[in-house]
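**Q** If you read the sequences in order, they're chains A and B. Under my numbering, the residues of the first sequence are numbered 1 to 188, in order. Under my numbering, the residues of the second sequence are numbered 1 to 188, in order.
In short, the hints are calculated from the structure, not lab data. Heads up, some of the hints might be wrong.
Intra- or inter-copy, both count: the list cannot distinguish identical chains.
Think about it this way: if two alpha-carbon atoms lie no more than 25 Å apart in a straight line, the pair counts; the simulated SDA-like pairs of lysine to any residue are [to be verified]:
1. K125 x V139
2. K133 x I87
3. K165 x T65
4. K90 x G11
5. K187 x E66
Protein chains: 2
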Amino acid sequence: MKAIVPYKIKGGKSRLSPFLSPSEREKLAEHMLDDVVSTLSGLEVSIVREEGLNAVLNKIIVNSTEPVLIIMPDLPLISVEHIQDIISSKEDVVISPGRGGGTNILFLRSPSTFRVDYHGASFLKHLQIAKDKGLLTRVYESFYASCDIDEVDDLAELIIHGLGKAAEYLRSIGVSLQIMSGRARVKR
Amino acid sequence: MKAIVPYKIKGGKSRLSPFLSPSEREKLAEHMLDDVVSTLSGLEVSIVREEGLNAVLNKIIVNSTEPVLIIMPDLPLISVEHIQDIISSKEDVVISPGRGGGTNILFLRSPSTFRVDYHGASFLKHLQIAKDKGLLTRVYESFYASCDIDEVDDLAELIIHGLGKAAEYLRSIGVSLQIMSGRARVKR
Chain A
1 MKAIVPYKIK GGKSRLSPFL SPSEREKLAE HMLDDVVSTL SGLEVSIVRE EGLNAVLNKI
61 IVNSTEPVLI IMPDLPLISV EHIQDIISSK EDVVISPGRG GGTNILFLRS PSTFRVDYHG
121 ASFLKHLQIA KDKGLLTRVY ESFYASCDID EVDDLAELII HGLGKAAEYL RSIGVSLQIM
181 SGRARVKR
Chain B
1 MKAIVPYKIK GGKSRLSPFL SPSEREKLAE HMLDDVVSTL SGLEVSIVRE EGLNAVLNKI
61 IVNSTEPVLI IMPDLPLISV EHIQDIISSK EDVVISPGRG GGTNILFLRS PSTFRVDYHG
121 ASFLKHLQIA KDKGLLTRVY ESFYASCDID EVDDLAELII HGLGKAAEYL RSIGVSLQIM
181 SGRARVKR
């Protein structure tokens with residue numbers, strides 16, 4: 001089974017820029033990628049460029065004869081158990097939503113019958129595509145799988161729940177929790 | 001089994017004030033409460049005042065001889081299945097985290113051995129209290145159970161995933177998704 005991880009080598013995570021320097025953002029992204037890849041043991045992992053993502057992925061899946069797992073590289077809270085649970089699903093398509101309508105993990109049992117449409121509210125688009133093609137779909141709703149680390153407030157989730165390299169790195173550069181009356185946020 | 005729902009009758013949901021009027025916030029809060037209570041069928045539901053929450057809850061649980069479920073009233077995405085899964089857990093304590101370290105759902109099999117400590121990063125505090133008391137704990141991590149509707153951006157989750165009265169109400173007052181390059185947010 002193939003796992004595909006879209007990744008932006010340089011200049012990613014720009015929405016963390018009010019809080020982390022360019023080199024810190026790059027290191028955090030690398031550690032998050034490490035955390036994600038470490039959950040994919042036993043799968044054939046390919047890392048693809050994030051630029052032109054839909055065209056790149058659709059070119060891959062149209063000719064795929066084996067199941068494909070597409071997973072974002074900024075999900076440092078996922079574990080081997082999440083991945084095993086997702087890829088052992090009986091449904092044709094498994095979609096794990098992120099905050100704000102994103103698709104954080106997409107599992108395609110018969111990839112060649114599907115077309116991906118990332119960006120915007122891709123969760124809703126992927127549900128619709130599966131429905132239009134008559135594919136059985138499972139929504140895999142997990143808090144940890146929903147936590148893509150894109151915005152400064154997301155870093156709090158990594159500090160609170162993280163056990164991997166990305167969380168360790170954040171703590172090592174002095175990021176800690178700011179406890180307030182509402183949600184905890186981060187400070188340095 | 002007893003289910004306790006802390007609720008602020010008047011003036012709640014103030015962090016939604018940039019987007020919803022006072023009467024709209026009050027109606028949304030009522031619909032969310034309805035959605036939550038509808039998942040608790042078969043349980044004896046008590047609604048308690050949100051003011052002085054810890055003292056109120058600790059007074060109740062110290063004398064409880066049966067299991068107690070404490071659930072926040074702003075979780076319109078939870079379903080009967082979540083509740084059944086939580087209350088059938090074998091562990092002494094089940095904690096379901098919200099964004100920013102909150103405790104959205106807390107299940108206590110032997111309530112009198114526990115003390116609650118809501119506000120701030122209560123998820124971490126409740127984990128620690130359970131550990132200190134030698135209680136077996138399950139972290140029930142669910143995206144839908146994590147979605148407490150407190151801030152304007154949270155409304156997008158309700159529009160995207162909601163199937164109940166609160167989502168229907170939001171749509172009826174003209175709230176819809178604003179699809180952007182990052183996460184979808186709401187507009188009217």
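**Q** Hint by hint, note whether the structure agrees.
**A** Now for the hints, and whether the structure bears them out:
1. K125 x V139: For K125 and V139, only the intra-copy Cα distance (13 Å) is at most 25 Å; the inter-copy one is 31 Å.
2. K133 x I87: within (20 Å within a copy, 37 Å between copies)
3. K165 x T65: neither (34 Å within a copy, 43 Å between copies)
4. K90 x G11: neither (38 Å within a copy, 46 Å between copies)
5. K187 x E66: neither (45 Å within a copy, 41 Å between copies)
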